[in-house]
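So you can see what is in the structure, the chains are spelled out below.
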Amino acid sequence: MSDIPLNTSVSGVPEAAPRQPPALSTGPVAWLRANLFSSWLNTAVTLALGYLLVRWAISFVDWAFINAIWSVPDNQTQACRALKASANPGACWAVITEKHRFILFGTYPYEEHWRPALVCVLFTSLYVVSAMRRFWRWELLIVWAVTLVTIGVLMWGGVFGLSYVPQERWGGLPITLILATFGLAFAFPLAILVALGRRSSMPAIRILCIAYVELIRGVPLISLLFMASVMFPLFLPEGVNIDKLLRAQVAVILFAGAYLAEVVRGGLQALPKGQYEAADALGLSYWQKTGFIILPQALRLVIPPLVNTFIGFFKDTSLVLIIGIFDLLTAGKTAIVEPAWQGFGVEVYIAVSVIYFIYCFAMSRYSQNLEAELNRHRRR
Amino acid sequence: MSVAVSEGPSVASSIRTDAPPAILLDKVNKWYGSLHVLRDVSLQVATGERVVVCGPSGSGKSTMIRCINRLEQHQDGRIVVDGTELTDDVRALDAIRREVGMVFQSFNLFPHLTILENCTLAPIWVRRMPKREAEDLAMHYLSRVKIPEQANKYPGQLSGGQQQRVAIARALCMKPKIMLFDEPTSALDPEMIKEVLDTMVGLAEDGMTMICVTHEMGFARQVADRVVFMDRGEVVEQGVPDQVFNNPSTDRFKAFLSQILRGH
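Respectively, the protein sequence lines represent chains A and B. Final position of the first sequence in the numbering used here is 380; the numbers increase by one with none missing. Final position of the second sequence in the numbering used here is 264; the numbers increase by one with none missing.
It is worth saying that the hints were derived from the structure and are not from the lab. Hints are not guaranteed to be accurate.
Taking lysine to any residue pairs in the SDA-like style, the calculated list, with each CA pair at most 25 angstroms apart, reads [claimed, not checked]:
#1 A:K289 <-> B:R16
#2 A:K273 <-> A:R169
#3 B:K177 <-> B:W125
#4 B:K153 <-> A:R300
#5 B:K177 <-> B:K153
#6 A:K273 <-> B:P111
#7 B:K153 <-> A:I303
#8 B:K27 <-> B:R16
#9 A:K273 <-> B:W125
#10 B:K153 <-> B:D225
Facing chain B, according to a computed beta carbon distance under 7 angstroms, are these residues of chain A, among others [claimed, not checked]:
#11 I207
#12 A281
#13 L282
#14 Q288
#15 T290
Using N, Cα and C, we set each Cβ at its ideal position, and we do this for glycine too.
Please work from the sequences and hints to get the whole structure.
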């Protein structure tokens, strides 16, 4: 019995030649047939949608590339306006060519634009480096600290021969990246503590955490930002003035913290009780148990909703426009206030969307890789 | 769940009567809400003694064993483990948990850590052992449960029997004075029960103080110094295995034994 190969049936019937799957059950043709042309109704829908899609794509290419105007001399937008009104309209990308530095950097002094540009590069490199697992060491925290200080120095200036730029003049992409990065970097640890606190056996801590989550979650971000910018200064002693951006930043951190805390709590609750018991039985302390056993597993479980929330908050930073902070979207909006460029909103919004999309899509793809990587232990 | 252990010669007793009892339960009571799950349970386990606890499901045997390292809290009575009474004092509890190893029905290995990391985590962080030394110790016990070659795999890649043996090795790496087994073979396929029971017999031969909740009567006969039968939260009957199995003195134990034997 021991030398019977695994694949042979035990009854002793001679093994048949390996059978192929029926023709046309695999491959692209089979896929088309199964998914797009399986019945006359499906075929009709496929053809109709295909026609609309192709037509739309052709007119978009016409508008965006073939008929488009890429630059105009000296804010002379007559050509663009004529094109827009014509029967065969085209995009006026000249608005981007002309205004891209304003959209990206807001009212930051023009000749100093290399500074916010460098800040954007630093932020993006920081994300890329932090995303690589081989750099997940304690030293990464130092890299973060150094980079963030450098970013502060670059934005403010006033030292090393850099001219001082007050915060009111910052704007565009750096503002969005600052709000998002600091927001999530502080909100995430806060969220973990709050999620653990909500499951604490100490009633005072539990009630405090529940109150925090419910209060913040029950209020729109806009009203929180409003309170931070208008009401909060009323409670401060005279002469004390906290930076507007900092106040908005705190509001974003508190808001994101409450949402992320609930996501993390979901992960904590999904863990089997046996994991807690095994850690207890081995004599691990609360923080050892939490740090080595509970959080590593709980956070892996909630990577998809976590990234969902991250992406949501990256975009929600655009709400700071209501308290007069110039983030990327607001800068884009302001760029077309000038009479010469009024009416070219579509082009500007497309350009801004592309920037948002690049960051969000990168987050999304990265989270999928991370999930596959970190959950390798679950595959057999 | 039949008598999977080869009926070898029974393991020589290693009870040390001169030492104070390893575990003492004195009129322990526990309620879940209004449900009275432990009723005046008193039990004394000497150092080196092997006790098998059996009884129908819901009889409180698991609750009792889980009270010994305070995974469950008793509400009345005293529990003294290794000379320390179990109270709300967290330090005393940590000290007790260091000395009491536990093996669960559902293994409860940490799935995100390798087998080796599962075994070295507590020695490194609780016992403050150097990493190298902890790894040597882990390999020693993994060899003892006969799976040193799996050290770098994850628990999910192992069979149930292998996982349970890793769980035993993990508990042993803390060099506990007492081992608690909570139905260690109940979640296993029949062909894997033997490998786990053999490991436990080996442990008994070394004179480990053990309390084992199990229905493996063959195992009980071979290694137990004493069998304790529980029903409805009470200790109903206890004694030397041969004696209680052959002449159960209560109807409840008789009924339970006949049920177990008929079942297989």
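Now for the hints, and whether the structure bears them out:
1. Straight-line distance between C-alpha atoms of K289 (chain A) and R16 (chain B) comes to about 35 angstroms, which puts the hinted pair past the 25 angstroms bound.
2. At roughly 53 angstroms between alpha-carbon atoms, K273 (chain A) and R169 (chain A) are farther apart than 25 angstroms, so this suggested pair is violated.
3. At roughly 19 angstroms between alpha-carbon atoms, K177 (chain B) and W125 (chain B) fall within 25 angstroms of each other, so this suggested pair holds.
4. The suggested pairing of K153 (chain B) with R300 (chain A) holds, with an alpha-carbon distance near 19 angstroms, which does not exceed 25 angstroms.
5. Restraint check: the Cα-Cα separation between K177 (chain B) and K153 (chain B) comes to about 28 angstroms, which exceeds 25 angstroms; the hinted pair is violated.
6. Annotation: proposed proximity of K273 (chain A) to P111 (chain B) holds, straight-line Cα distance about 14 angstroms (limit 25 angstroms).
7. Proposed proximity of K153 (chain B) and I303 (chain A) is supported: the alpha carbons are some 24 angstroms apart, at most 25 angstroms.
8. Restraint check for K27 (chain B) and R16 (chain B): the C-alpha separation of about 24 angstroms stays at or below 25 angstroms, so the hint holds.
9. Between K273 (chain A) and W125 (chain B) the alpha-carbon distance is near 21 angstroms, which keeps this suggested pair within the 25 angstroms criterion.
10. Distance check on the hinted pair: K153 (chain B) and D225 (chain B) sit about 37 angstroms apart at the alpha-carbon level, beyond 25 angstroms; violated.
11. Interface hint status for I207 (chain A): violated, as the beta-carbon distance to the closest one in chain B is roughly 21 angstroms, over 7 angstroms.
12. The criterion of a C-beta within 7 angstroms of any C-beta in chain B is met by A281 (chain A), whose closest approach is roughly 4 angstroms, and the hint holds.
13. Checking L282 (chain A) against chain B: minimum C-beta separation of about 4 angstroms stays under 7 angstroms; hint holds.
14. Nearest Cβ of chain B to the Cβ of Q288 (chain A): about 5 angstroms, under the 7 angstroms cut. The hint holds.
15. The restraint placing T290 (chain A) at the interface with chain B is violated, with a minimum CB-CB distance near 12 angstroms, outside the 7 angstroms limit.
In this structure, the hints that do not hold are numbers 1, 2, 5, 10, 11 and 15, in rising order.
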